[in-house]
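*Asks:* Sequence:
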Amino acid sequence: MPERLAQGRKVAGRPAKCLSGYPPFPEVQSAMDESHILEQMAAEAGKKQPGMKPIKGITNLKVKDVQLPVITLSFLPGVGIFQCVSTGMTITGKSFIGGNMEIIVVLNITATNRLLQDEKTGLPTFKSEGCEVILVSVKTNLPSNMLPKVVNKFLDSTLHKVLPSLMCPAIDAVLVYVNRKWANLNAPMPVGQMGIVKYVLTSMPTTTANYLQVAFSPVVQQQEGNTIQLADAGEALEFPEGYAEGSSQLLLSATFLTTGLALLQKSFNVTIQDMKIGKLPPQTTKTLAGFIPKVAKAYPKPKPLVTQIRINKPPKVTMKTGKSLLHLHGSLEMFAARRRGKAPVSLFLLETHFNLKIQYSVREDRLLMLTSLDRLLSLSRESSSIGAFSEKELTGFITDYLQEAYVPVVNDVLQVGFPLPDLLDIDYNLAELDIVENALVLVLDLKLD
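If you use this note's numbering, the sequence shown corresponds to residues 631 to 1079, in order.
Derived by calculation from the structure, the hints in this document are not laboratory data.
One should not assume that every hint holds.
Stated by the list, open to error - Straight-line Cα separation of at most 25 Å, DMTMM-like style, residue types lysine to aspartate or glutamate; simulated pairs: (1) Lys906 x Asp1030; (2) Lys972 x Asp1030; (3) Lys927 x Asp1057; (4) Lys909 x Glu871; (5) Lys953 x Glu871; (6) Lys916 x Asp1042; (7) Lys909 x Glu1067; (8) Lys987 x Asp1042; (9) Lys950 x Asp1064; (10) Lys946 x Asp1057; (11) Lys987 x Glu1021; (12) Lys811 x Asp1052; (13) Lys811 x Asp1057.
Construct the entire structure; sequences and hints are all you get.
*Replies:* If you want it as structure tokens, here you go:
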């Protein structure tokens, strides 16, 4: 087939053809594919249009075989996103010589998607402007001596004039779909039964030559409606360098995670009275006497142990490159159980500070934490009914107890997860997680396969 190239016009500040850029969010591509908007637009091209003169020598004009569109995006600093939809179609009809005519057209639909703020909701919204349909190539089965006259007439009278009004709505249809994805951005999201987290925009999203930046100020509220103030984060966080071009990053500060954990502080309080726990020896006064001999004198007959752990300071998350810790300050009190109906007797009360190492993961739209004991930092005796003893004698016993008995309690509480921003239906399951200084980075590769 002979091929004719139609030159596209350049528009100031925008490319006239699809350049290499970033693939869109998968949902953007899906919106174009599943809505069949291009097929609908192309079907209209085959209908008689008001004010459109028939093309001499071509009858029964129809459009078929619309190709699956390929969408690329390029950031326009301070404006928004330049969008290009590459597609193609086959146009058929009857030529004046009686044969079947077939013209295969490859085209680009381009537009600037300007990022604005919706006056009613305050949410971001994209609005398209400057849409153009640019013909990339045209192939036809018409005899070569007909090309200059018939095909040029077809291009000038139909494609150049009709297709922009018919195909540009495809851009608008996608933006309607995308703009809906901002709708839940500020919606409150529950953290179990303890409270909610809201991601409130601190300013309008901005675009640079390389990325779209969205800044949030998380709001953490207890179930009663009281807002937990974020601790002073100190220096402003900056996105680390070195991530793959075209990837997206969500930065969650250690301060934010600390504030979120304040919702769960009461859930970390626990009373444990099981005699058999994990790999620990039986939890009785006999076992405890192996570390504090005075216990054997006070309780010659073994009694079950009851342990209460209370977290009396807000949990705190710290982050250094490659490592994150959960700091817990609280009290640990051990009791000797008595016969049914009688209250247990306190043996001693310890103030303690210990760290748990945090391993992060993502499940659906939730950030999950799994902990393990990192270090027992301090033990101090506040009271004792069995007399004085050195806290150091209990270091190994308490360390093992925290790992086997208490860490599983913390992990059960943390299964509730922390909600992540509902931003354009991002699939967080694809995220890679990096721990950097004072922050957790979720790296999302949004490129299409």
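*Asks:* Go through the numbered hints given earlier and state which of them the structure violates, listing their numbers in rising order.
*Replies:* 2, 3, 4, 6, 7, 10
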